Structures are given as structure tokens and as C-alpha cells.
Amino acid sequence: MEIQELEKIGAQVRRDIVRQVHSSQSGHPGGSLGCTDMVVALYFNEMKINENKNAEGFLEFVREGINEDLFFLSNGHISPLFYSVLARRGYFPVSEMNTFRKINSRLQGHPATHEHLPGIRVASGSLGQGLSVACGAAYAKKLRKEDRLVYVMMGDGEQQEGQVWEAVQFAPHHKLDNLVAIIDWNGQQIDGPTEKVMNNLDLKAKYQAFGWDTVDLDNGNNMEHVVESLKQARAKTGKGKPVVILMRTGMGHGVDYMMGTHKWHGAAPNDEQLLIALNQLPVTLGDY
Amino acid sequence: MNHGPFSLLTTHISMKKYTFTDKKDTRSGFGAGIAELGRSNPKVLALCADLVASLKLDTFIKENPERFIQVGIAEANMIGVSAGLALSGYIPFATTFANFGSSRVYDQIRQSVAYSGTNVKICVSHAGLTLGEDGATHQILEDLAMMRAMPEMTVINPCDYNQTKAATIAIADYNGPVYLRFGRPVMPIFTAEDQKFEIGKAWTVNEGKDVSIFATGHLVWEAILAGEMLEKEGIDAEIINIHTIKPLDEQAILQSVSKTRCAVTAEEHQLNGGLGDAVCQLLSRNLPTPVEMIGVNNSFGESGTPAQLMEKYGLNAKSIVESVRKVIGRK
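Going down the list, the sequences are from chains Z and L. Residues in the first sequence are numbered from 51 upward in steps of one, following the numbering used here. Residues in the second sequence are numbered from 6 upward in steps of one, following the numbering used here.
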């Protein structure tokens, strides 16, 4: 897909994020906006997914994902982004975004399989678990001798969880070279800048020391760069090592007053703030 | 002691006889079961966190090296990897000691397995006091409570080698998360070799009418010994093996208690939250009945031989007999 087309989708997804969080007056807009370009690029450009449609015209979702590229969201709090991308890609009606975080919804506060929302393969939200799950899925593809890839996104704050490093150790040991991890390195977490809360130091050196191949993505909010990084990552797969994309993003990217601060990690805009945000994000696919 | 009620007991008793020719550990039953699954079900995988010999996985690994995944000493990751394998269509058996497969990884099981509905079998050995000399750090006595509290989790605690083997084979055919708990000590083998294991279906070891003894795991053999001792006192004990703690066989328990009108529960676990609590919860709602509970009373274990520990913490036939006398007096 053309970069411009992906950017258009990204703008609409950002509108969806802000509107979902405003509507329920809860949720996590900051990281969602920062990771928008990557998740859009994955679903609309990079990943090969099952394009079969069901009787209602939505994408047929098969949890096992055999012969598909898979995506796991470990930092589940950026669910409004995940839901928007899945709906816009055709897994379920975009109107369902109206139910985000509301009672009796399939769009739970954090992604869940429990209500059978198409597109979600495992629950996430309690941090540090997604890379392990992705390792299992990648291992399964190896057992089946499939050549598709497994992607997993994590936060940079999430790298403070011990389980992440158990999985970082596991993947190279078992030569999961069909696994691509993406770290949203925005330098912010709930209590403030990551380097003050708990310094991650040099994530690239750490992953390399554990036996991973790395891709630098210095601007994860530039669609061209994002698409290029995914191409590079795919080229590095199949060579005996898992691959990690170290993705620098701006938290809150696309909404000026949310950018570069942890204050919008888990806060919802009021009516006035919503209008300011929407004025900065053009309607491209039509609001839900 | 009040001997009053005893005079009402009939003398027409014949305790079903259980003998054994062989003794084995329940973990070896698991090893035999998964070895059989290795031959019969290509979707079954085994994972282990650096305890291959303790979990008796040798045969499975020898026969199916490509279907064994060593995860190292990293149990949280093992649960997540298992979830990923399960959602991809495999049937992973994640194995370690009971302590490391329950309390250490509770949140991983909760989110990636139970809430996500992934078909992961958590199979754990060295549960309870009978772990012995390693002491309290390893003697998990709270795992049944934790796993019982978790929605959508099936919890199984078989009683001997044959039952553990049968349970291991049975859970592969059930689609959903399972916590299968077994142990280290060598115990009499007294259940049938060719038994069919039905999840959630209690096994009546002996029919009786004076008291219901509901026992699980290693305490089932102790309950049989207790039944023989009680028979000599003229007490006709109904002994029921509750191998599945969840879902509980409510019908079997209510039927038995409606006949006997009193019950003793016995488990190698804390009194808080285990089989005894499950039985009391059921009875208090449906058929309020005097119950005495055998289990560890709000304390940690310690080092010692399994027999010494079971004696010190009151988890044996003698304690069951005392509890039966007490509960009959409360009828």
C-alpha cells in the first residue's frame, strides 16, 4: 500500500482512539497514538492475514492463525489503537467502537478473548506476558514448518518486568527466527520519564547480548520509516535469531497537547480537549 | 467421649478390601500417562522448567524429542509459551513442581491461560508435605485453593499411580485449562489399572452408611486404612475419592451425605480453601451437615520424612478415625 494511504488510515485511527477514550472517559490515549503508525503498517501493509470473509462480510478470524502472520499486543493498555485497527481492517463493525470500555462490550478495557472479539488471540494487560505467548506461537509455526512470522509489541516500561527477560532468553535459545518483537521506546511511563522511574539503559545492547538481531527505528511516527523498518526486520528473519525493532515514538503523537508527556498515558480528554484533538486529525475513512 | 450414637450403628458391615502388590509415586503415573499420549496424540507437547527427571518425562522425551520444550528455570515464561502453543492448536503440558506451577505463576495462568481460555495442562509434582526434606519453601499447601478460586480452571488431584496415569491421558481429550497435581512419595497402587478417568466424577471407594469420608490425593489410601480401623469399632464408613476438586461432583457428595448425615474431608492441603471448604460450601447451601476437616491448619510445613510430617500435621488414618468419632458425635 502507498505510504500516503497508510497515513490516511493512521489519521482516522488516531481520531478513533481519541473518540473512544473520550466516550468512555477512560483508557490510554498516549501510547495508542504513539504506536498507531506501526500497528497500521503491520495490518494494512506488512502482515499476510486470512482475507476470507464470513457471511456478514467481515474477515474470518481463525484463532490458530495457521499460514498467517500473527500480531500480539503485550502492552494491552493501548487497546483503543488495537480495536480501531482491527475494526478498520474488517474484523468487526467500526460502530462497535462505541462500546469501548462500556458494560456488556466485547471491547474490554484491555484486550480479551473472553467475549470472542475477532482479531484477539490472547488477553493482555497485566504486563510482561505477551513476548512469552508470542514465543509459543512462533514455536508452533516452527513445528508446523510454516514460514509466516509472529509479531509482538511491548512497551519500554514493560521491559522492567522480569518475565520479559525470561522470554528474551528463550527465543534465541530455541532459534525463533520467525519472531519479530517491537518495543515502543517512548521513554515515558505512568510515574514519569522511564530513565527516572527505572532506567532501561541501553535496550539495544541488552537484546544483542541476549542473542537477538536488532533494527533501529529512529522515528516510529514516520510511516515511511516504519514500513522500511518492517521490511528490514523481515529480511533479518530466518537467519537463526529473533529480531527486535527498537522503535522510538512520541507518546501522544498527532495531538499536540498530548505529545511528549506521560500525563496522557491513562487520561481521557474532556469535550473541549476532544474538539481540539479532532481539529488536528482529518477525517479520512469516515468516523464510526 | 459420648458413645451414645454408636449404639445405634448396625453390625452388618463389610468394608471393601483394598490390597496392593506394588507401590509407586504418582508422578511416575504422570510420566507413564504422558508417554502414552506421546504415542497416541501428536498434538501433545511437554514443557519443563529444568525438572525433567523429577517429572518422569524421560520416556516422552526419548520417544518424541521434537515435541519436548526445555524452558529452563523460567516458569512464568513457560506458562506464556504454553498459552501461545495452545492457541496455535497444540496441547501443551507445562510441568514443574506444584509450588512453581501455581503460586509463582498465578497471574500468568490467570491472564494467559484461564481468562484467555487456552488449552494448557499445568501438571505439577511434589505437592504438599510429602515433598519431605526440602521443607516449607517447596511444600505448597495452598495451590488447590488458588486454582479452585480461578474461573474456568479444572483442578484434579489423583490418589495413586494408576489414577494419575488415567487422569493424565483423560485431560488431553478435554478442551480447557487444567491443573493436575501429584506427588513424590511412593504410595500403594490400589485403583484399577484399566480405569476410565472421568473428570468431575467422584469414585466411591467403599459404600457405608454411618459417615462420609471425602478424600483426595495421598489421603485416599489413609481413608481406606481409617475405614478398616473404623470397621473394627462397628462404624460403617462410606469412602469417596474426590479426585476432581473442581468441578466438584456435587451429586455424589449430596447423595452420600443425605444417607450418612455427617462427613469428614481429608486432603494434603491447607484447611483454608481446599476440598474441605468446597464440600462445606456445597453442604451449607444444600444440606447443612456436621463436617470435620483434615488438613494443615494455617501453617507452613517443615523438613522431615513424609511419614513424620503426615503424622505431625495430622494427615493420616489415625486423624481420620478421630475425626470420624467426633463428627458422628455431632450428628
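It is worth saying that the hints were derived from the structure and are not from the lab. Treat the hints with care, since some could be wrong.
Unchecked claim - Below, computed lysine-lysine pairings styled on DSSO-like, alpha-carbon distance capped at 27 angstroms:
1) K264(L) with K291(Z)
2) K201(L) with K323(L)
3) K201(L) with K237(L)
4) K289(Z) with K246(Z)
5) K251(L) with K98(Z)
6) K195(Z) with K336(L)
7) K206(L) with K225(Z)
8) K195(Z) with K98(Z)
9) K48(L) with K237(L)
10) K22(L) with K331(L)
11) K281(Z) with K192(Z)
12) K264(L) with K214(L)
13) K317(L) with K264(L)
14) K264(L) with K21(L)
15) K192(Z) with K214(L)
16) K21(L) with K195(Z)
17) K225(Z) with K323(L)
18) K286(Z) with K313(Z)
19) K246(Z) with K225(Z)
20) K195(Z) with K152(Z)
21) K192(Z) with K48(L)
22) K28(L) with K317(L)
23) K58(Z) with K195(Z)
24) K195(Z) with K246(Z)
Claimed, not checked - Only some residues are given here: those of chain Z computed to face chain L with a beta carbon under 7 angstroms:
25) H160
26) H166
27) V172
28) S176
29) G186
30) A190
31) F260
32) N329
33) P332
Said to hold, decoys possible - Chain L stretches covered by chain Z per the calculated footprint, using a threshold of three residues with CB under 8 angstroms from any CB of chain Z:
34) 113-123
35) 140-153
Small disclaimer: the values here were computed from a predicted structure and weren't measured. We put the CB at the ideal spot given by N, CA and C, even for glycine.
Please list, smallest to largest, the hint numbers that this structure does not respect. Hint check: 1, 2, 3, 4, 5, 6, 7, 9, 13, 15, 16, 17, 18, 19, 20, 23, 24, 25, 26, 31, 32, 33, 35 fail, others pass.
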